[in-house]
Amino acid sequence: MQQRIGVFVCHCGTNIAATVDVSAVAAALGREPGVVFARDYQYMCSQAGQDMIKDAIKEYKLTGIVVCSCSPRMHEATFRKTAAAAGINPYMVEIANIREQCSWIHKDKDEGTEKAIILGRAAIAKVCLNVPLTAGEIPVTKRALVIGGGIAGIQTALDIADAGFEVDIVEKKPTIGGKMAQLDKTFPTLDCAACILTPKMVDAGQNEKIHIYSYSEVVSVGGFVGNFTVQIKKKARYVDETKCTGCGLCTEKCPVKNVPNEFNLGMDTRHAVYIPFAQAVPKVATIDPNYCLMLKNGKCGLCSKLCGAGAINYKQEDEIIENKYGAIVAATGYNPISMDKFDEFAYSQSKDVITSLEFERLMNAAGPTGGVLLRPSDNEHPKTIVFVQCVGSRCSADAGKGKEYCSKICCMYTAKHAMLTREKYPDTDVYVFYIDVRTPGKNFDEFYRRAAEQYGVHYIKGMVGKVSPEGKKLKVRGSDLIADKQLHIDADLVVLAAAIEPDKTARPLATMLTASMDTNDFFTEAHPKLRPVESPTAGVFLSGCCQGPKDIPETVAQAGAAASKVIGLLCHDKLTANPCVAHSDEWMCNGCSSCENVCPYHAITYVEKEFRMPDRTTKIRRVASVNPAVCQGCGACTVACPSGAMDLFGFSGKQISAEVDAICR
Amino acid sequence: MYKIKISDLPALFDKLSEKYDVFLPVDFDNGAKYKKYEKGDVLSEKLNTVKSPKDFFFPQTEDMMRFKTEGKKIDVIDIREPKDDFIVFGVTECDVKSFEVLDNVFLSEPADTYYAEKRAHGVLISRACSKPSETCFCKTYGIDPSEPSGDISTWKADGTLYLRPNTDKGEAVISVISGILTEADDDEVNKEKEKINKILDRLPLKNLTTEGFGAGKTAELFDRPEWAGLSQSCLGCGTCTFVCPTCQCYDIRDFKTNDGVIRYRCWDSCMYSEFTKMSAGQPRLTQKERFRQRFMHKLVYYPENNGGLYSCVGCGRCLQSCPISMNIVKVMKALGGKNE
Amino acid sequence: MQVNEYKPLIVAFCCNWCSYAGADLAGNNRLNYPADVKIIRVPCSCRVNPAFVLRAYQRGADGVLICGCHPGDCHYTTGNYYTRRRMALLFSMLSYLGIEKERTRVEWISAAEGAKFAATMNEFVKTVTDLGKNRRLEDLRCKK
Amino acid sequence: MKSKNELLRENIIRTSGADVKKCMKCGKCSGTCPSYDEMEYHPHQFVYMVETGDIEPLLNSESLYKCLTCFACVDRCPRGVQPAKVVEAVRLAAIRQQGKNRLTPDGVEKYLDDEIPQQAIVSAFRKYTK
Amino acid sequence: MQKISRFDIINRLKDLLADGNVDRVLGWKKGEFRYDVTPHVFTSAQELEADFVWGDFCGANFSKYLIKETAKSDKKVAVLLKPCDTYSFNQLLTEHRFDREKVYAVGVACDGMADIFKIKKITGDGISDIKENGEDLDVYTIYDEKPVKIKKTDVLSERCLSCKSKKHAAYDELLGGDGDVLDSNRFDEVAKIEAMTEEERYAFWQGELSRCIRCNACRDVCPACTCEKCVFDNPNSGMENKSPANEFEEKLFHIIRAFHVAGRCTDCGECSRVCPQRIPLHLLNRKFIKDINAFYGEYQAGEVVGSRAPLVDFDKEDVEPKNAVGKEDK
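Chains as they are written, first to last, in our numbering: chain A, 1 to 665; chain B, 1 to 340; chain C, 1 to 144; chain D, 1 to 130; chain E, 1 to 330.
Simulated from the structure, these hints should not be mistaken for lab results. Treat each hint with caution, since some may be false.
Examples of chain A residues lying across from chain E (beta carbon under 8 Å, computed) [to be verified]: (1) Arg449; (2) Cys592; (3) Ser594; (4) Asn597; (5) Arg622; (6) Pro642; (7) Ser643.
Glycine included, every Cβ here is placed at the ideal spot set by N, Cα and C.
Produce the entire structure from the sequences given, and follow the hints as far as they go.
Shown next, in the form of structure tokens:
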């Protein structure tokens, strides 16, 4: 059938119209063969614009439409719905991207107009070869996986479980809780982090819909939205989780006591068998195989003898568990960056130069000093404390160190630290060197002002250039830009607001999830404004700092949002599949298995089929058969197929060739 | 009759190429091919070029017309340009006779003007086959390679090339080069003819006859069981049809250009599964049928429609180039009356 | 000046998930690159058949670019690994046949690399402009 | 037509190879500068004043010769601005003017003593002379 | 490896037919002249006695015929395979193109095939007979009583000069024993072309490919080209054509053809053998083989049934195209 194509050119306000002569584009495309209607309009995506499209489809009996507008990644779905509402197949729509890939990057109007016409022509050439497609359906596994057991992961899991769905948390550490468990107080309310976090941890631990895989890692992810298959490695903790009561006897009696305690960032020690902290969930001991005498050289076995529950099992091995999930939430969190490249602050030279997270532990009642602020070097009260902001944040890529982004949370927690210090120890001089103080949040600026005004924290606009340990003192040299002076401060403690970066496990996880990441290894969201908690990979959602720096309330809000997206997905029994899948022309298929070999989804199988040949004989042939519910439409098979029997709906060889032809005209 | 020393041939070609485009067979790696004469080119000793001279009159691909589309308008444009006179030099008698076959097809009404125009402008200068190949069997079709025809006939003997114009076109060519030719009598040529005829008697295929073939033999030959065995190893590649001087099937196709269409024709082959495919499919579904079609056409159907003229001239090209060495000689021997 | 007026025609095949998004980001950030570049969206770089590359040249392209996710980051897990092999061999063959190897290229550009996209396009257009028109792999009929 | 000052500014930026627009005005350069107290204009001010085109005061300032070119600011600048190179470029602009050589061969003698390494004299001569 | 005679082969084949193991034999049938040997399906001892040949012109590779032949009947067919043919045989099995159970593979030792074009280059046309005479060939022509004596090694086919293996990669039984995989020099010619400048390479291939008449002999004889419908015959492929209209299409055809068989081509050399225009097509396929070996490690298609062809495989550390092209040797 001869196609009847309608072309709709969007001005996008002035976004397109400023550099592309939209009416000229409409006029030129209107002359293309197959086009029976073409016009431009201010905002095609508006209700009025969509109505115009619908009316034109009906009035001109259009069989396909081309919208010259913004990126298809933005509004393809919108216009497909529009087309469907007007009674034509939603896959008879093509978008010519004349905004992101034309008007926004070209300054010359003639050039922009010419290119817009060419892009429009390519879209027309393609749509002429489009065929109506019907999306299939795929079943949904009603279970979610949350990767990461910090506040983001816990909140997401709790919200999903609340809606009645099974949810698993995979946490690489022996306990959930994450960074928040290490914090002392939280800004701007100064309530105790543990007091608000631990009840949630307990909830998660006790919720029958939630299963926690602690001390575990995701090792492989297969499948796709609605039907992921995930392998989880439960690392051997040498303690039977089901038997251990968490009494802690072993952790007290273990003869190996000199293990750096990671929970306190190495500022004190723990035993070889340990429970990270008192409120750990699950409250189960873990044996550190790097230090345990029994595991290292087979001598000791004390904990095993002591354990009344008989939970110790030195023979335990890593275990791989395979589960199916309908949705996956990444909540892998963050870490402070290494201070290796910032040695002007003498972090490696003096124990009294610490990071803010270490400061949290020094202030925490459960920390290495029992909540008393003492210098790590000599356990004396520091009298002069210098806080340095933006250490490794906001660095230019040219500088070759640090991160380009603002870590967002440092201004507030530094104000908190300064304030708490002054409150507990009024005799202490507290200096905060800042470049800018950024406090965009509810009650945030008030909080910061309180630190300066009520608690007398010295806020200095400037930056520390050098810290030199000299005897018991730290000589701090910095600039005071307002006073136009260089300051020299003899400090007892220097606290560095280290930039935060995504956890190192995020990158390999992103690869497994085929979720995209930015250059900083933060997960990319499907749309920065409109779909902030979804990854572009369907079925993968983002929670917490793995998507970008966030404070606790933001994290919790995002965790809830991610949970609601997951719930929205899991409450469907079936999902609409992408109809742009591969299909094989059985008459042309040779049965060579090339396509089967390259298919990442095992969507292609071979069947023996009887064919009635043109010469009236019958023949049994081995031919490829694509499972459209499993195929994701990458097209690898279409090129692997030597005979061209394999083609892809929506991106057929003919369609792409037609686009090439149209562009090269 | 005229003559010129072989060593003076370059001067002859130079002279001719002042007025004509001259094409002559030159050697390449393992064969001979027609090439537009340029100074320094040497006439090949080999008789058979890989591609036959039919290419000059019925090229493998030939643009016929153009359609230009502008918006929704289509213009038809005749793209033929006036043709200059040209000479094809050194054509063997079998190839000369192939034009009889082609002319019957292309020049009968309605005449194929593309072909006709080239025939009108082309001058064939033939040559006698002093050194035929073992694959030659033109005698089978009554062709005499010692007495070549064409617009001018030539013989090579004793370091001399003898030329005899046969047509007005031939005379016109001679007049261009008469300055470097000398008059000659027929003696040397007659001796050469005798020599050639003796060689012909020694050819391995000298006894091959067309007996059992020709007009009216369809019913007898069509269902012969031998076809199955003969065709079983045929690859259906079409090499035989492309090197054949008399195969004249073509396909008309459209090529989409940037702003229109070029309609062109190109050689087709009855050996192809897609040959004469129509909406209802192909008339010949198996390779056996396609194989049979080619030989039946050469030996039965064509003679039936053209006064007994076979559409094979015995040049032997297909014998040399078939990848699996199946050919018309084997077919004739398997099916013919007296052969074998 | 005649020389400067030559505008190459560049066809860039971009995978939907990374490079096409990278191109969108370049647009969002208003990063200029020449209008000579025309992008064709494909689901994955592995959808790009060598025949498309040759067709682009046939139809008059002077340069062809295939852009995909960085190896290891393919939305479909492994697609770009196949692209890498196919195109390495295809390009090597084109070079073997004497076609300028600079005309054809594979680039890995992620959704976050708008700047890289623009920089790559600027650089590639310059390279192809310096090479001049594609003469060795063109089909003159197309321009008739 | 560009003003003389604008040309001077462009020249300084070009010879320095630094991108002054990248400066986020944190002051770390000045916080780190060992010659800070000797200087009338400090490293961050050099960067800022070149950025805004307020160059005349810098050309005439003794600060030009107080910078030790120790590159601490270059090393620590989080934005990769390279303030010392900006100072150096301004200094070059100053001494390249007619008769503005900071150190003449005649003037060297007064600095000579047993303490000062000869190389210091040579490099100072290189630095302060056209 | 020992030289095997026509007599020995016929005897064995007759036994196979007589035992009822097979009901037909795919072998070489004599032609009009010594050199025009045709693949043929023999069904009886008499037929074998009369027409079967084994000698210096039995170059045809039968592997591809097995697709058609095995589909014809449930009975086994015996096939004669030279060492190079066995690689094609295996490759077709890898691609599930025929049923191994229906084939009885008889490996025959081979010491190389002669190239009639090379012989004619020496003797000229008019060959009436060619007789084997030890290491020599006596070539008789109609122009001379006495034969021209030619050393067989001087007229060996190009592909046999750089024979990659005298060892059979597959067989049910061997006649004449087995040889070794050879350390062949088959990439020397490719390297020579690679060493040319871009302009020289362009000119070289332009010269070679311009002779192409798109007779499809290379494709149709190729044991890797077994598509049910070739893209060049398929109007939907966008590159269907029956003749090379210009230089572009000459290149297109040969690039795409070589690419489609890349990683699957066993380098049997049939394409170059049958090209009526003597285009060295094997140099295109060998380029891919050489590149594959250099980029992804040694791979011989058809060496092992079921091996994964390089183009449907990958390694995470594969070389980047920009680092690969033009650096094949590094």
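Hint-by-hint comparison with the structure:
1. Arg449: This interface hint is violated because 53 Å lies over the 8 Å limit.
2. Cys592: Where the cut-off is 8 Å and the nearest Cβ of chain E is about 4 Å from Cys592/A, the hint holds.
3. Ser594: This hint holds: Ser594/A lies near chain E, its Cβ roughly 5 Å from the closest one there, short of 8 Å.
4. Asn597: Status holds, d = 4 Å.
5. Arg622: holds (5 Å)
6. Pro642: holds (4 Å)
7. Ser643: holds (4 Å)
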